[in-house]
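2 protein chains.
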Amino acid sequence: MLDKLGLMSTFPPTDAQRVDLSNSHKYPQMRWSLQHVAELHPSHNIRHGNAPVAVLPVTNKPIGSFVFEDDKGKKTNIDEWFNSSYSDAIVVLHKGHIVYERYDNQMKPWSPHLLFSMTKSFTGLMAAQLAQDGKIDPNALVTQYVPELAGSAWGDMKVRDVMDMTGAVRFREVYTDPTTEIFGYSWASGMLPLPPGYLGKTNIYDFLKTLQKEGEHGAGFVYRTVHSEVLGWIVSRATNKHWADLMSENIWQKLGMEEDAYVMVDSVGTPLQGAGLNATARDLARFGEMLRRGGEFNGKRIFDKAVLDDTFVKGGDREKFKAGGMPFRAGYSYRNQWWMLHNADGAYEAAGIHGQMIHVNPAAEMVVVKLASHPVAGAGFTHAMTLRAWAALAQAVRQ
Amino acid sequence: MLDKLGLMSTFPPTDAQRVDLSNSHKYPQMRWSLQHVAELHPSHNIRHGNAPVAVLPVTNKPIGSFVFEDDKGKKTNIDEWFNSSYSDAIVVLHKGHIVYERYDNQMKPWSPHLLFSMTKSFTGLMAAQLAQDGKIDPNALVTQYVPELAGSAWGDMKVRDVMDMTGAVRFREVYTDPTTEIFGYSWASGMLPLPPGYLGKTNIYDFLKTLQKEGEHGAGFVYRTVHSEVLGWIVSRATNKHWADLMSENIWQKLGMEEDAYVMVDSVGTPLQGAGLNATARDLARFGEMLRRGGEFNGKRIFDKAVLDDTFVKGGDREKFKAGGMPFRAGYSYRNQWWMLHNADGAYEAAGIHGQMIHVNPAAEMVVVKLASHPVAGAGFTHAMTLRAWAALAQAVRQ
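Listed in order, the protein sequences are those of chains W and H.
Numbering-wise, the first sequence is residues 1 to 399 according to this note's numbering.
Numbering-wise, the second sequence is residues 1 to 399 according to this note's numbering.
One chain only, chain W, in its complex shape:
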């Protein structure tokens, strides 16, 4: 697909094939940019170090040809789903073995891919572990860690409401209205180039201070990327370390990763802790497998089992989740920045716009990583089909 598009393939790229900050978030340029974020934005490396790679054994199974019924009642198979969903990569692990791995759109096993909101799930679990270790108190006010937020929506909010996105903050996302807060976030974080004469905030922390309360904290789940940025700020204050260094020391150097990861940063080095992580499909599979095994992998403990059980088994508040306005995720809950399906298999997932997913199915002993550059951002458009595919994969790996 990208070969056909020819984006950024000549020296210099032709005007038609050029991807830069003016179009990198648009389709089809996005098909290139999601694998090349560091070439467009400042970024902070997440080093994996020189420890031996934790080899994932390969036991190929005929997963791609597995037939299932799509959400329209039509017969399809896994390979067709891979193709039709603008996939860049998929890795399926069963009992820790790679049973299916495919790449497209010029992606390679060593290509880091933008994960968007899957980033939140790393921030959330690190915060939950710090809470377990007594370094963050979920019942404390946010201002105990970040006094600068006193005049903002977080001024009277507890850390728990940040972790589970039940804090009430006015943050409108109307992509046709540049006065809504999503634009302020995109400019301050460097995701979008500054418009001429811009006088607003130029880093994430300064922007967060401007956001105001709307509603009651704890009343219901409302999905807001800015909560993840605040949570990351709390994590850095509690540890006195940069998020990228924590990711490297606590996760990337321990799991026997194959490649460095990296995170986008704003103009003063603040990581986009809610949207900016980039990593390879295989390294994400290692992370998912560590979760499936209860927090241990490669001979190392990464998270306490109690932290994972509190997140994935207990899960979040399913009643409060209904307030979030995501009917396509009916029955789900959200806790520590993870999505729990509350299905018979006890599945849970991390998700990012344009098709980024880690899906863990404990009953099927399966981990799926799927990375894509789908032209439609939100999961609402594809999620019914995604759920069909998860069910098909859980059958396919067991056959």
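Any given hint might turn out to be false.
When chains are identical, the list treats them as one kind, so a pair holds in a single copy or across two.
[Claimed, not checked] Subject to a maximum C-alpha distance of 27 Å in a straight line, what follows is the list of computed DSS-like cross-link-like pairs (lysine-lysine):
1. Lys-108 - Lys-254
2. Lys-26 - Lys-201
3. Lys-254 - Lys-305
4. Lys-4 - Lys-241
5. Lys-320 - Lys-26
6. Lys-26 - Lys-241
Worth flagging that the hints you see were computed from the coordinates, not collected in a lab.
Starting from the structure of chain W, add chain H where the hints point.
This is chain H only, laid out in the frame that chain W set:
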């Protein structure tokens, strides 16, 4: 030193400790930014891959305490020189063994450091090897590879005059006069942020096309970074590959490097082939050791011996070199973007502003990598002392 400065050490950094594009090129902020270029600028990764690291054996020698006379006639030693020259790292190899290795200013063995014009030496040797392979003709006109340069200084210039910087191009570097070409280069390449209302070129290739001839090609050596950018353009046209991918496939993946390297890119992904490479001290030592061994290292041939002999043994034209206005490098020549000392030991070096150096001394079987963030950019200020230190090191490793 950096610990004392406290640059970028809190979340967010205080105003006094903040490093961003407005001050990252200034002292003391530069002491931080030379190890954090990717956090400030878009960059293109140079992957080292998963091959085993080529371990450099360690045989410590009392190099640091070796006493010598400095350029003012005063007694000093290697450790004092390290400290007084704002060093971030030094690695000294003797017969392939690390005999002395030191870091300061928060640099670690795994920290990539900006190399400035040492970048040129990589571009130059890759071009020389392509010439050896018959893929670039040094006697051809530049326009055979880059017809876009027809209306510029390079329109009637031969490739050889680009490789050895004997082409005549008007490129003034007056740091107090923004009408001189160095500003256009800094803006187009993204090294400096664009001033308000900027209407000039926004990428390197477009900027190169604007430069005009001044004088006669081949008459004398005149050091111009833009020649290296043109040479990199020729290399990419001859190979149809991005400079960073060539660096990864031909050098970084073969030498058993410990860490990925990376290169700064402009707004459309063009690498700064004359100034933007970042790498660790140890990986640069591996590169230098490969050169000292005649092009082989880690069981792999990287460059033909004929290419290295043509560069380092034959060297450039010492008469033409005199036109370059570098009396502190008396007796030197420049060929394929390397500096040859033409001393009794047959030494040669790569060099970048603010104290970046690979120095190879074949007679002493020694390779020195020294990286620094010296407040003075040009080598003229420090070179007399540097030459003293090279001589002292050549004695020290042999004792």
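* Asked: Failing hints, ascending?
  -> Violated hint (a single one): 5; every other hint is consistent with the structure.
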